[in-house]
Amino acid sequence: RFAAAVQAAMEDGYRVFAELSPHPLLTHAVDQNANSLDVSAVALATMRRAQEAPHGLREVLVDLYTAGATVDFAVLYPQGSLVDAPLPVWTHPQLMFRREARRSVVGAGATATHPLLGAHVRLPEEPEYNVWQADTGTDLLPWLGDHQVHHVAAFPAAAYCEMALVAARTVFGDGAEVRGLTFDEMLLLDGCTPVSARASHTVVGSAAFTVETQTDGERVRRAAATLTRSGDPIEPAPHDLPSLLAAHPVTLDGQALRAWFGERGIHYGPAFGGLSAVHTGHEGSVLAEVALPGVVRSQQADYDVHPALLDACFQAVAAHPDLQADLSGATMLPLGVRHLRRGGSMRDARYCHIVVTAVTPAAVDADLAVLDEAGSVLLSLSGLQLGTGMSKAARRERVFNDRLLAIDWQRQDLPEVELSGERRWLVVSTSQHSDGRAAELAAALGERGADVTTAASPVSGIGPQAITGVVAVVSGQGAEAVSRLADIAREVAGIPGVPPRFYALTAGAQPVFPDDPVNLDHAGVRGLMRVIGVENPALRATQVDIDDDTDIGLVAAQLVTGSDEDETAWRSGAWFVARLNPSPMRPEDRHTKTVKHDCDGMRIRIRKPGDLQSLELVAADRRPPAQGQIEVAVTASNLNFADVLVAYGKYPSFEGRLPELGGDFAGVVTRVGPGVTTHQMGDRVAGITADGAWATYATCDANLAATLPAGLPEERAAAVPSAHATAWYSL
Numbered sequence: 001r002f003a004a005a006v007q008a009a010m011e012d013g014y015r016v017f018a019e020l021s022p023h024p025l026l027t028h029a030v031d032q033n034a035n036s037l038d039v040s041a042v043a044l045a046t047m048r049r050a051q052e053a054p055h056g057l058r059e060v061l062v063d064l065y066t067a068g069a070t071v072d073f074a075v076l077y078p079q080g081s082l083v084d085a086p087l088p089v090w091t092h093p094q095l096m097f098r099r100e101a102r103r104s105v106v107g108a109g110a111t112a113t114h115p116l117l118g119a120h121v122r123l124p125e126e127p128e129y130n131v132w133q134a135d136t137g138t139d140l141l142p143w144l145g146d147h148q149v150h151h152v153a154a155f156p157a158a159a160y161c162e163m164a165l166v167a168a169r170t171v172f173g174d175g176a177e178v179r180g181l182t183f184d185e186m187l188l189l190d191g192c193t194p195v196s197a198r199a200s201h202t203v204v205g206s207a208a209f210t211v212e213t214q215t216d217g218e219r220v221r222r223a224a225a226t227l228t229r230s231g232d233p234i235e236p237a238p239h240d241l242p243s244l245l246a247a248h249p250v251t252l253d254g255q256a257l258r259a260w261f262g263e264r265g266i267h268y269g270p271a272f273g274g275l276s277a278v279h280t281g282h283e284g285s286v287l288a289e290v291a292l293p294g295v296v297r298s299q300q301a302d303y304d305v306h307p308a309l310l311d312a313c314f315q316a317v318a319a320h321p322d323l324q325a326d327l328s329g330a331t332m333l334p335l336g337v338r339h340l341r342r343g344g345s346m347r348d349a350r351y352c353h354i355v356v357t358a359v360t361p362a363a364v365d366a367d368l369a370v371l372d373e374a375g376s377v378l379l380s381l382s383g384l385q386l387g388t389g390m391s392k393a394a395r396r397e398r399v400f401n402d403r404l405l406a407i408d409w410q411r412q413d414l415p416e417v418e419l420s421g422e423r424r425w426l427v428v429s430t431s432q433h434s435d436g437r438a439a440e441l442a443a444a445l446g447e448r449g450a451d452v453t454t455a456a457s458p459v460s461g462i463g464p465q466a467i468t469g470v471v472a473v474v475s476g477q478g479a480e481a482v483s484r485l486a487d488i489a490r491e492v493a494g495i496p497g498v499p500p501r502f503y504a505l506t507a508g509a510q511p512v513f514p515d516d517p518v519n520l521d522h523a524g525v526r527g528l529m530r531v532i533g534v535e536n537p538a539l540r541a542t543q544v545d546i547d548d549d550t551d552i553g554l555v556a557a558q559l560v561t562g563s564d565e566d567e568t569a570w571r572s573g574a575w576f577v578a579r580l581n582p583s584p585m586r587p588e589d590r591h592t593k594t595v596k597h598d599c600d601g602m603r604i605r606i607r608k609p610g611d612l613q614s615l616e617l618v619a620a621d622r623r624p625p626a627q628g629q630i631e632v633a634v635t636a637s638n639l640n641f642a643d644v645l646v647a648y649g650k651y652p653s654f655e656g657r658l659p660e661l662g663g664d665f666a667g668v669v670t671r672v673g674p675g676v677t678t679h680q681m682g683d684r685v686a687g688i689t690a691d692g693a694w695a696t697y698a699t700c701d702a703n704l705a706a707t708l709p710a711g712l713p714e715e716r717a718a719a720v721p722s723a724h725a726t727a728w729y730s731l
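If you're matching positions, the sequence shown starts at 1 in the working numbering and goes up one per residue.
These are computed hints drawn from the structure, not numbers from a lab.
Among these hints, one or two may not hold up.
Claimed, not checked - Simulated crosslink set (SDA-like; lysine to any residue; CA at most 25 Å straight-line):
1) Lys608 with Asn35
2) Lys596 with Asp691
3) Lys608 with Pro624
4) Lys596 with Asn581
Stated by the list, open to error - The calculated label-pair distances, taken between Cβ atoms and stated as ranges, are:
5) Tyr648 with Gly628: 30 to 38 Å
6) Met186 with Gln613: 37 to 45 Å
7) Arg229 with Ala259: 41 to 49 Å
8) Ala5 with Lys596: 42 to 50 Å
9) Ala325 with Gly217: 30 to 38 Å
In this text, a Cβ means the ideal position worked out from N, Cα and C, and glycines have one as well.
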């Protein structure tokens, strides 16, 4: 009824809605209705928990007015009149608009604008908040377009390092440090890409820092770190550069290293070409020569550490011998930094000393020190982690997909060069009866100046005279045709000297297009010809497949060219060649599995969020209970509003993954983990699980399950846990 009422209001022209409640619950539903009708509407929340409202609902009134609602100000100010009042002089309105002016955000407490963070505003709240907002799009910062992942501009991890350093200095002063910096989700850049950052004090001398963007109305965290006030840091000792250079005798050009990244999907333009050379040694460490490229050198004063310079240091990690020996082609991206501190002006940076501390198939850990010409440490960075960001299961799936291959048919033009010299052909039909295609092919070859002999299977005693090729025209029933084809191949292989090339002409044996019907009588020829090619490569076994719409003269034209292609097809006069290409599993490429309801695991999952018709049963492995956990055979589970959000793909996701359906359940304990004394096998319980309760079996913390009293039905008990937890939390 609520949805129908909202839709009716929108159809009547209403576009601004306000929810009058202590906490908003319906604004999301209004937005969904607006999206379903493809109209633009605004849903406002009047109040939120713990929100102070010193002016009552007047702030909501302002929001309604700015959203476009008509407000009768005469009710509040019956004696007043609306005027277009001039702004105060201290606002400094600009009458000349410049492109770079979009960077700044005017507000109380605003300070100088940083190119990546934007204007800083300190909010006098408890705890204190510091916020920034900027446009990091390639229109304002075109040099960022030179950092691309799979040919799409992507925000570099080094830029997050710069933002965190500047935020730490802003909040705690010079010498502040960054710890636990994580790069959570890649940010792909458009011409305009708004980014917001905030630093909130957690304890004395520490602040939580996050960088976020808005995607489809939802906040997406891109990076996070802890900013700290340094005590009395110990200045690192200078490095002995002559000794370092002597210990790294092998030199690799920076351009060659960028080409290595390009093969893995990471492409660098001129702005990120600051790595000129890399020196490696026997100890596994790396010494890189770095400098800020000329195209961005004029921007150096705007940054504590220009991201293009720091990214050049990150690139140098790939020169480590273990990474250079990696042939998997995996895309290695920065995943996080354990500790980051700036010690001097980066204007003097000349070298970066890198010590790789750990190498695994999924990640590489390294410590970096940026040095000047005298070896002094300008920037220390420890715990840089580069990796694929994939779990073990994801890596196994990738290896599995990399090993899946399929035949793709590619259309090509027939070569124009024909075989030179005397050409003699033998055309053999696998049928004992007359075959019109064999006669047509012989005639077509004869028209092209070839000396052609025809025969019918079986053939024996093929003479030793020089023969260019033997063409077996396949006809007859499947087993019979394959058997006779094998006999012909055996005779051809027995010709003294260099045997002629062996061809098999089939009809409809190859599925060139997805809807091609396959002639099963000829399907076995494909396997036989491949076996012949492996066991007797001198025959150069070649299959030519045709359809009913192909002129046999085109086959003759292919034969006289002597093309090296060994698996070809003709479709409606077009020539196709077979190629073996990677063919990873797709979502629709699923297999069925038989499960037993009383002992196997399965759950309800939505295949396409937003499409309720895609709810389906899928097999799920039973997870043994760990320390302090129990496994329950689920007999009942409830439906919460969170499940509705998950089903529609609207639930806040972690790293792009939606949670499983179902939170509350009731059932019987089937297994008990170590250390559990409150439950035993056979107990009837109800509880909450984060792993999804719409399943035959659920594993949960033993403390989140309660034993059911006798007489309480399990279908009623499954509705209690979340309601009880909500009430307890509210109290």
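**Asked** When the hints from earlier in the document are held up against this structure, which numbers fail?
**Response** 3, 4, 6, 9
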